[in-house]
Amino acid sequence: MTAALDRAALDRWMAAAGDGDRAALAPLFQALWPILVRYAVRMVGDPGVAEDCAQDAIVQLFGQLEHYDRERDALTWALTLVTWQCRTARRRNKRRAGLELDPRVPAGAAPDPAVDGASALEHRDLVRAAVATLETLGARDVETITLAVTETDRAAVAPATFRKRLERALARLRTSWRSRHGTL
Amino acid sequence: MAPSDPTATARRRARFAYEVAHASTALRGVALAGGLAVLALGLHRTSQATWIVAGALAVALAALGWRGGAWRRGALAGVIAGLPPLIAPSLVFALSNGGHCAMCEDGASLTCLFTCLGTGSLVGVVVGAHAVADRAPGPFASAAIASAALTGMLACGTTGIGGALGVVVGLMAGGVTGWVVAMRAAHA
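Line by line, the protein sequences are chains A and B.
Note that our numbering gives residue 47 to position 47 of the first sequence, counting from 1, and the numbers run on in steps of one.
All you need for our numbering is the position in the second sequence, starting with 1, plus 184.
For the record, the hints were derived by calculation from the structure and aren't laboratory data.
Treat each hint with caution, since some may be false.
[Said to hold, decoys possible] Now the stretches of chain A that chain B is said to cover, found in silico as 3 or more residues with beta-carbon under 8 Å:
| id | segment |
| --- | --- |
| 1 | 14–20 |
| 2 | 24–33 |
| 3 | 52–65 |
We put the beta carbon where it would ideally sit given N, CA and C, even for glycine.
With the rest of the complex left out, here is chain B (with noise of 0.2 Å):
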């Protein structure tokens, strides 16, 4: 049998080392979505909707994670910024209900609309404000939008399409917004 090349012994491992890592980063990011969604069936009440945005929370990061750099940290600034809207629903209803929302089994209350809207808002001013400062602003404001949306809808999705659409809607507009202050204030 010939003796193998090197060189592209060489290649071919340090591909392959490059891959494990990006892969182990991956795999990180799928232990993180189980995690936010534990958190989430601990806090709110669960239905289909919670297992697919969890099932989609995990391929995001999953992917988001393999591929690395901008996305990779867009993807973990996404998560924690998806905190407020995951944790301010449950602490709303604490507080002004005993914990419980009659209404949210029918729908969206227009306390819960509100709540996911403000804190998506709110996330979403701090994510386009601190995209503008990364190396490549676009992929991380992308995925770290796409991530907090989804580590919200955890919570805001389970009360159906106008809580979903709160976070979404609100993250959005709030990205945009604290994006344009960013920039004006850095060109200023």
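Bound conformation, chain A alone (with noise of 0.2 Å):
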């Protein structure tokens, strides 16, 4: 079991390295990276192509950094950046897998540029449209979808108790999603 994942010390490295402040970078990688592999290995299965939706997950986010709103949690704006890049990852393998099976395109074609592009931008319309509906629940079931994605230490919190309030926090995350896009 990991450590307590200290959540005011991550919001305030990563509030500093968007500051401009280099010394915040090292300790900032070194408590998300762990967390971010954890989480995608969860969410794709593979951990290589987990590692690499990590990877493209953390580069994102240290290339935005200089973005970075104080008032929101850092920790959600990073596993929502992991989130999409996994999905991004299975939607490839989906279509590459698609294109394996159809006689019709010719084994190891390049991939239509247009297709990706379109990925990219439905990409981003996705974490944003997460990010917004993560918002839009109580500070107490944030934490609990974070702890159970992120396997962080809740001794505090009885087993069947935490189980209880993740089935909640993710019942309201779908109701909330639903009424905004529909879908889930």
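Make one complex out of these two single chains by using the hints.
Right, dumping it as structure tokens:
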């Protein structure tokens, strides 16, 4: 089990790095990287693909640190980015599998750049939608979902209580998403 | 060949992405300095000082943009604050002397000095008051005063040391005044 994640420290490091403090980059990376990899493994299964997704997400995150809004939760932002990297990877794999099965497409054909451009736009919209949906939840719901995906030490909460809380938080997340976007 | 460590690769790529983002902001700073220099060339007489000041402004905006945070915010605020001292002297001469200042060839005229000092003081007050509200007032104010002074000197510096001093002294005095007034208001 991992040590308790210091969310306040994570927020502080991200804010400092966003403000140009290079000294905050190393602790920020050290805190985020294992969480993102574990989370990606849970999402995609394959550890190799998961590491690629986590890497793309953390690169994207570090490239956008100057835009970090300190009113928002740092970990939620990071997990949202990795979520959509995982979704993109899964979709890409599905498409590739579909192409391999399609006899009209020659083996090793390059992907359509227009499709990839559309995918990037869709990815950005989905990230925004996910963050907006998470922000409609209460602080405890966000905390519970984060604890569940990061496997952070939750010794303070009884397992049964935590399961119940998680169930409720996810139900509320689904309801919020449906009310905004119709489907899940 | 041994496979590369994914954590090390991720760390390196993340750091690179971070620096690329900051470097692109630095480049935007250089472009902004170029734009301001073109504006100054259109509005004022060109001298060697113009090029020195434009170069210093480009270096300052690049460095402050690369540093990020309050330094970057201050630099942008300073450029905006430096626009009145950049434009005001040419407006004053357009209104008073039909766009021509015969004395400016030899040095800063009194009108020039007062225009630079006056506009510098006014924007300095705004910068000082605005800096207090920032998360990091010190870096914000330093960056803002430096970039405002350099932007203003694109115009005021071309008339010699008098004009340059006018805008710098005005900005410093105005900045301190704005800072003190805003601090007092905040603690009242």
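Evaluation of the provided hints:
1. Counting residues of the segment 14–20 of chain A whose beta carbon lies closer than 8 Å to any beta carbon of chain B gives 4, which meets the minimum of three for the stated coverage.
2. With 3 residues having a beta carbon nearer than 8 Å to a beta carbon of chain B, the segment 24–33 of chain A meets the requirement of three or more and the stated coverage holds.
3. Residues of the segment 52–65 of chain A with a Cβ under 8 Å from some Cβ of chain B number 10, which satisfies the need for three, so the listed coverage holds.
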